[in-house]
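Residue numbers (full-length UniProt numbering), protein chains in the order written: chain V, 1 to 327; chain U, 1 to 258.
To be clear, the hints were calculated from the coordinates, so they are not data collected in a lab.
Take the hints with a grain of salt, since some may be wrong.
Said to hold, decoys possible - Okay, the calculated beta carbon distance ranges per label pair:
(1) V:G244 - U:K65: 56 to 64 Å
(2) U:R141 - V:G105: 31 to 39 Å
(3) U:I57 - V:R21: 42 to 50 Å
As the list claims (entries may be wrong) - Listed below are several chain U residues computed to face chain V (Cβ distance under 10 Å; list not exhaustive):
(4) M53
(5) A60
(6) G64
(7) V81
(8) R84
(9) R93
(10) M100
(11) K118
(12) A162
(13) G192
(14) R256
By construction, the Cβ of each residue, glycine as well, lies at the ideal position given by its N, Cα and C atoms.
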Amino acid sequence: MTSAPPADARGRARRSRGDSRRGDNVFFNLSRGSGILLLVVMAAIAGFLAYRSFLALGKNEGNFLTTFEWTPDATEPVFGIAVLTFGTLVSAFVAMVIAVPVAVGIALFISHYAPRRIAQPFAYLVDLLAAVPSIVYGLWGVLFLVPHMDGLTGWMDQYLGWTYVFDQSSTGVPPRNLFTVGILLAIMVLPIITAVTREVFRQVPRMHEEAALALGATRWEMIRTAVLPFGRPGIISASMLGLGRALGETIAVATVLSTNSQLSLHLLDPGGGTFAQNIALKFNEAQPLGRDALMASGLVLFVITLLVNGAARMIIARRKEYSGAAA
Amino acid sequence: MAKRIDVSGLSAYYGSTRAIDDISMTIEPRSVTAFIGPSGCGKSTFLRTLNRMHEVIPGARVEGKVLLDDENLYGANVDPVAVRRSVGMVFQRPNPFPTMSIYDNVVAGLKLAGVKKKSVLDGVVEKSLQGANLWNEVKDRLGKPGAGLSGGQQQRLCIARAIAVEPEVLLMDEPCSALDPISTLAIEDLIGELKSQFTIVIVTHNMQQAARVSDRTAFFNLAGVGQPGKLVELDDTQRIFSNPSVQATEDYISGRFG
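Please model the entire structure based on the sequences and the hints provided.
Rendered as structure tokens:
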């Protein structure tokens, strides 16, 4: 019995060898197909946006890049992205300035400071923040954050007003401004950045941490010499993921920000606009030309996101030989 | 600057598991002492208790005393960070900081200690790399990443990094086990030179290496799997390898072990 396995067992063995080769093929084609599919979808989005933009831009009576107004459905269509570009970049910038240091801090706490008992539930809690729908953030922003901003904005106006940026020229109106939006976006991107940097920090090889400790590093010095430099590319990648979300966030921004077509460097004054918010607000009432014009602004957002990601890749690649990948 | 190490009644634990049991020994300054023994006998654990690196593992703790000259490393007011500055360590796998240049790797310990003056750092880099027999190979590319060197060069870079802070004791945990024979020889020659300045303790699985580099050899053993490791004997290397006083030592070094 043991020396001569039954025929069906041998058949199964042969079949399973054949299966594994077929499995290789299936898997190869599946993964290649997924890759191609991604490129096709990207190309389709870009092509669609470019085509509709082309239709709209031909009829624009204003300068698309420098015009403040957005009136594509007027008899003399005029629309431009100056306010939207400014608002999008500024609110995302504020969000990153707040979110990245906090996220790195939380990630370090989870990966290197907190006892395991606390770290696991805490990490889970942060992940949960990512699952909250953005309309909920928007409602919380307009119902809670906006009415409670006075203390902070007053303080900033008083002590940081000299920077011009934080000078509050209008008082008594709710702070539905780019700065508040930036804070809200920071909270929204926090879990993404935290989750990715946390995983990167966990992967720092034990031997690099021990090398620092054995030289007489304190825990913080060990983190500074071994963990943060090793995690740097990961922190950048994580920030880019978060930035992508901040640039494209729609509903939360549309709920909080009061709209006007003014471009003001006073970030604490209400008003402004972002690409995604503008599309969400205007799309329903837009005429065909208005829709195409919104597509054109969408294309710009698409390009900005690509440029930002490209810049991040370059920063990572520039220090590749120091990345630790060679070790 | 080399100091005597005097260990008495030292046991080390991982959680509730006792890894080494009641070890006492004296290690003379400016000598090389080799630890040999089968895997799991606790020789690396014991080595790591000598600069308080054992306790960086969660749940790990130590009982007993380690005197460096007259100072107890496990005294109530002793800062483990300060201990590690005076007792340097070289690890099994070369671990230069991958994000740093050769230069920055060598001065990493000094920078932690707050030394910032460029002229001082330059001098230490040259002296330490000379001391690690690496200067001639890397002097033209000090700004290049340390991870770009060969394994043997990386290990000598780690030795340079360890001696740059002028420790009193240098601990080496199987420093050649990841290296080829030629690099191994370079490290062994280096150990012979370094012992004029430092007290050196080396863990090795290679008995020829222990015989070649050390003045004294300690043999560790364990009664069985899961049992704590014990020091069987510590004697002059020549005596351990020719005429050990314990039968188990002779069995181990002659390959009749187990």
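For this session: Given the hint of 56 to 64 Å, check if G244 (chain V) and K65 (chain U) actually sit that far apart at their C-beta atoms.
Result: 57 Å, holds
Problem set entry | Agreement of hint G64 (chain U) with chain V interface, Cβ distance less than 10 Å | 21 Å, violated
Exercise. Measuring from the C-beta of M53 (chain U) to each C-beta in chain V, is the shortest one below 10 Å?
Worked result: Status holds, d = 6 Å.
Exercise. How about A162 (chain U): closest beta carbon in chain V under 10 Å, or not?
Worked result: 8 Å, holds
Exercise. Is the shortest C-beta separation between R84 (chain U) and chain V less than 10 Å?
Worked result: It holds, given that the least Cβ distance between R84 (chain U) and chain V is near 4 Å, below 10 Å.
For this session: Report holds or violated for the interface hint on R93 (chain U), using the least CB-CB distance to chain V and a cut-off of 10 Å.
Result: Hint on R93 (chain U): holds, closest Cβ of chain V at ~6 Å, below 10 Å.
Problem set entry | CB-CB spacing for G105 (chain V) and R141 (chain U) relative to the 31 to 39 Å hint | 36 Å, holds
Problem set entry | Given hint A60 (chain U) near chain V, where the shortest CB pair must fall under 10 Å | It is violated, given that the least Cβ distance between A60 (chain U) and chain V is near 13 Å, above 10 Å.
Problem set entry | Minimum beta-carbon distance criterion (10 Å), G192 (chain U) to chain V | Result: violated, 23 Å to nearest chain V Cβ.
Exercise. Taking the CB of I57 (chain U) and the CB of R21 (chain V), does the distance hold inside 42 to 50 Å?
Worked result: Between I57 (chain U) and R21 (chain V), where Cβ atoms are some 45 Å apart, the hint holds.
Exercise. Given M100 (chain U) was flagged as interface, is its beta-carbon under 10 Å from a beta-carbon of chain V?
Worked result: OK, holds: M100 (chain U) within 10 Å of chain V, min 7 Å.
Exercise. Can we keep the R256 (chain U) interface hint, with Cβ of chain V closer than 10 Å?
Worked result: 35 Å, violated
Comparing the model with each numbered hint stated earlier shows that hints 5, 6, 11, 13, 14 do not hold.
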